[in-house]
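Using the hints provided, position chains B and C relative to the given structure of chain A.
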Amino acid sequence: MARFIVKRLVAMIAVLFAISVLTFLMLEAIPNGSPAERLGGRLATAAELHEINIEYGFNKPLYVQYVKSMEQIFSGTAYSYSQGLNVVDQVKAGLPATLSLSLGAGVIWLFFSIVVGTITAIKSGRFTERVLTVLAMMGVSFPPFFLGAVLIYYLGYKAKIFPLGGYVPLFNDPVQWAVHLVLPWFTLSVLFIGFYSRVLRSTILDTINEDYVRTARAKGLSERQVLVRHILRNSLIPIISLWGLDLAQVIGGGAILTESIYNLHGVGQFARDSIAHLDLTSILVVTMLTAVAVVVLAAVVDVLYALLDPRIRLG
Amino acid sequence: MRRTIRGLTAAAMTLGVLCVLSACGSSSSTSSGSSSSSKSSASMVTLVEGTAPDSLDPGMSYTSQGWEPLWLTYTGLVTYAHASGAAGTQLIPGLAATLPVISDGGKTYTATLRKGLVFSNGTAVKASDFAYTVERAIKIPWGGSGQFITDQIAGASAFSSGKAKTISGITTSDATGKITVHLLAPYGAFDNVLAFPSLGLVPSGTPFKNMANNPPPGVGPYKITNIAPNASYELVKNPRWGQMNIPGIPAGHVNITAKISSNVEANALSVLNNSADVFDWADVIPGSLLPQIQSQAASRYSKQIMNSTYYFFLNTKSKPFSSALARQAVITGISEDSLNRLGSGTLIPACYFLPPGMTGHPTAPCPYGDPSAGGNIAKAKALVQQSGMAGTPVTVWGQMRSPRRQWVDYYTSFLNQIGFKATEKIVADATYFATIGNLKLNPQTGFADWNQDFPNPIDFYLLLSGKAILPTNNENFGQVNDPRINSEVNALGAVPTTNLASVAGRWQTLDEYTAKQAYVAVFGYQTFPDFVSSRINFGAVVYNPVYGTDWSSLQVK
Amino acid sequence: MPSRAPAANVMATQSAAGSEFSEVSPALLDDNEELPPGLGPWKLAWRRLRRNRVSLAFGVVFLIIVILCVGAPIYSHDIAHIGPNIENVSGTVKIGNKRVHIVSLSSIPVGPTWHSHYFLGADLNGRDLAVRLLYGGRNSLEVGGVATLITMFLAVILGVVAGYFRGWADGIISRVLDIIWAYPAVLLGVALGATLAVSGIDFGLFSLKGNSLIVPAFVIGIVYVPYVAKPVRGQVLQLREREFVDAARQQGLSHFRIMTGEILPNLASTIIVFVPLILANAILLEAGLSYLGAGVQPPNPSWGTMISDGVSTIPAAFHLVLVPGIMLVLAVLSINVFGDGLRDALDPRAKVRIAR
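Protein chains in written order, with numbering that gives the first Met the number 0: chain A, 0 to 314; chain B, 0 to 556; chain C, 0 to 355.
DSS-like, lysine-lysine: derived pairs with alpha carbons at most 25 angstroms apart:
id: 1; chain 1: B; residue 1: Lys-164; chain 2: B; residue 2: Lys-125
id: 2; chain 1: B; residue 1: Lys-208; chain 2: A; residue 2: Lys-59
id: 3; chain 1: B; residue 1: Lys-162; chain 2: A; residue 2: Lys-59
id: 4; chain 1: B; residue 1: Lys-378; chain 2: B; residue 2: Lys-318
id: 5; chain 1: A; residue 1: Lys-67; chain 2: B; residue 2: Lys-208
id: 6; chain 1: B; residue 1: Lys-258; chain 2: A; residue 2: Lys-91
id: 7; chain 1: B; residue 1: Lys-439; chain 2: A; residue 2: Lys-59
id: 8; chain 1: B; residue 1: Lys-515; chain 2: B; residue 2: Lys-378
id: 9; chain 1: A; residue 1: Lys-67; chain 2: B; residue 2: Lys-138
From chain C, some residues computed to sit far from chain B (all C-beta separations above 10 angstroms):
id: 10; residue: Val-53
id: 11; residue: Val-59
id: 12; residue: Ile-64
id: 13; residue: Val-65
id: 14; residue: Tyr-74
id: 15; residue: His-76
id: 16; residue: Trp-113
id: 17; residue: Leu-153
id: 18; residue: Ile-171
id: 19; residue: Ile-178
id: 20; residue: Gln-249
id: 21; residue: Ile-271
No lab work stands behind these hints: they were computed from the structure.
Bear in mind the structure is a predicted one, so any value in this text is a computation, not a measurement.
Where is the CB? At the ideal position from N, CA and C, for every residue including glycine.
Just chain A, with the same shape it has in the complex:
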């Protein structure tokens, strides 16, 4: 068991390292993206560019620059080139909006996925199931910025029910906080419900045929008790693990498109702005954040699986 955990840890660190190096190299490779030229502005002279190169260390070999960037990131002193602001501070400033969006949406999508997944599994083959399936599929077929645009146009501009975007901090005005988040929550949840309900349905259908379910029925438990106590408990395992990982992704700035269309100024939108500016430091920080969140949770999930299911101690 310990060996398994250690192996996963080592693999995790290796992956994170590889990702940081990859990002760094890719951004360095972009032609004419010299940060010195961008820092210097349109009228910078050769002498100025030289100064900037020395001051920021751009003339040093790549691996030295890489080490310096990583040091800065881990000590919280990384500054973005395009604006000279502390990147870690900016990410922290974006966290409330991103957390509000992702956790709210997370709860919503988990709940509805369970409901829809269970119904489509039980009523499999019937008309209800087909309709729900198509509805769920629709959710997964919309690019979030299109869905967002449609919602903003019809419910915002035309019907004027919802605001046109923006984020209101929770402690400033809880009601407005929720009102501003309704459309973003819906947009983000709809993406996942389609997927999760299908996975849950498929897991439930597998579990239904397991021996212990037949045993439970034979013992005289009602269909409902069988469903909740045995089928759902076991079927929810993969769902919860997926949920944790997707949540990690979204918190790390994965909901770039949803946050941008609703102008929430969260970590995702910050990621988008950094990409638009091709700002090396900011992109590095956001990438690392997402990667860390995802990889850590993947390892935690694998460890949990190994703990819970003795069959899976592959190593």
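Structure of chains B and C alone, referenced to chain A:
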């Protein structure tokens, strides 16, 4: 066990989230200095802008959004008159008692500091603060420090590279308040350089680093407080301004909160609905809202010219635009009406490189057809055939953001129409000018723009002079190297801004020559919005041709 | 028989479908009880699919969309008389008996005219929206299709090699998959797009121009490799323990023969099930990349670029968003529903439904 883990995890996560939400929610700003006491008596107006200032540190900032607040908070030795139109291009003494005396054939500038000046924190202003401010601008580094400081002031280059401890060309005397600056060569626009907010005085000892979140104190009708990076900042009236009695620079009427929101559409709507007061002049009102604004808010909206020329550069060194006929074909055939429609009707048709608000803008009819009459495609096709360049492959470069991308889409389609084989390449905004400024790439044609740094034609003509062609960070994209332009630029560039009127005729002739040579395909002068809420006294708003809406002129009705 | 395959995935976020399958053995149904005698698994699957009217209907919808898009040149040439990149910003078009500007002075393009010229209206540059919609469909489908091919090709090879040989080959491949999978797809797309947009790639034998469609297809293809490779690997891990593989090894067959002859055919239904899933997601990812400027390069249309161009014109010209958006959603939805039906048909546990 499963349930316990799940329960614990959920509880931990919720706790963690609540902590973060409350912590981040409460501490939303950093402030420099006391804010609440000074704004008790003045009303507060809200300004919405789509792009944040690149920095609120004067020694760093080099964008319109930065200069808007900074010219009111960091006054330099000279500044511009707080007036609209041509009157606003006049230089007036700022912290100097009079405009600098120019001697030694234009190489020496001497000024004396007014008496009794204090920074917004009460510290007295000394003459040596000027020298320190210039040194700081070099070291931070300020984007214009190479072009305007190191290349001009004697000893600045040695200071910049670390060989000297101070700038030998600047001498000051704290006792008398006298400041003397020696230039390497006569440079007519040096007064304009002194007027840059980046040369607005800061106290000696201010650290040599970008203090965007906590800028140093300055001398001006306003001071900056309550900065929430990338979100908002405030300008409150400087209580120490009145006692200094500087003529020509009025104290403000209201305090201003500037809110940054990238959704420009929502910004325009909020000013239309009066939930915000001022729309930032440097933003573009989305075309979809213009009809609404023009009908509902006609009494508080107008279009203003800010010296800004939009053009397609033409590489005069390679095919096909090495041929003058090919260049003329472009200028003859291009439809400025189409480009204007793509730009929401905010362009003024143009053919001359110097914009209308600039001394030297020619008034003679355009040499290749009236730009507002639509393009002459047939004639353009004939010219292309004549030039022998028909069928030449052309790569057209453009930026990603609207409407620039749409302009390049149109331009590419147009080039194909008149006989070239054009394909477009759209590059991310952040790297566009660095990309086309790389001589190795040798770009054939593409979008370019120039917004004035100061109202002196030399600022525009540095883009067309031979010595401005650089291997990287080139701005003379067309690689124009014409001996007549070079020599005129040399001669006229040495004339001080205060004597500009005397050489206006020569600038005009030069600009007409440039148009005749078809060196650049100018397609419009951009106009900018002057748009406020109904709460603001629109008639009293001053729209300075260098810095846009003058926030110190904002008044509530 | 197919293991649990993940359903349509989410764009711009990544899911953990892989981890679940990398270590866990999916439940296999070795003994196909209660199969009607004489019918092989493929015939059975086809029967099940036929019964699923909804899926079939959507499959037909998708086919119609493909045919329409393939017919883009015909529409452009014979009906609309205008190409996809021809601009007409200052021109006018006749609606009823009025002449209307194609693009107004405030940059608002004309809406649907419902006749042959500018049937669905014009875009910001005065181009015919209907023509661009069809050509854009071609580009979107082409990018999606090529990306899917790249994904399936690479994923099957990597999955089979990793699962079959295990050991260090598996270790390396799994780590590479982890890296790709944890990497924000969008960033990869944008960075590669930015790099290649200016200079294109030169691979000695062949070179790609910066605005070729292969670039976004390649990026999207790489992104989805782990989603397919991991479940494939999981399945191969079990298959290699089965008796027929042992038998083949004892027969002295080479590894290559075993992989192609014994293992690959058993993966067939898994692979078939994945194709529509990946295709749907590839099209969605292309739209996302185009929104960020890293997808299909202008002036070439694609549904994604058309939507993202349109978003900037809300609220004045919403048809610019609605038209390509609906097409895109319809296409992706059809693929998803059909693919879902396909999976149900190939899944032996579907016997639960036939029984009712």
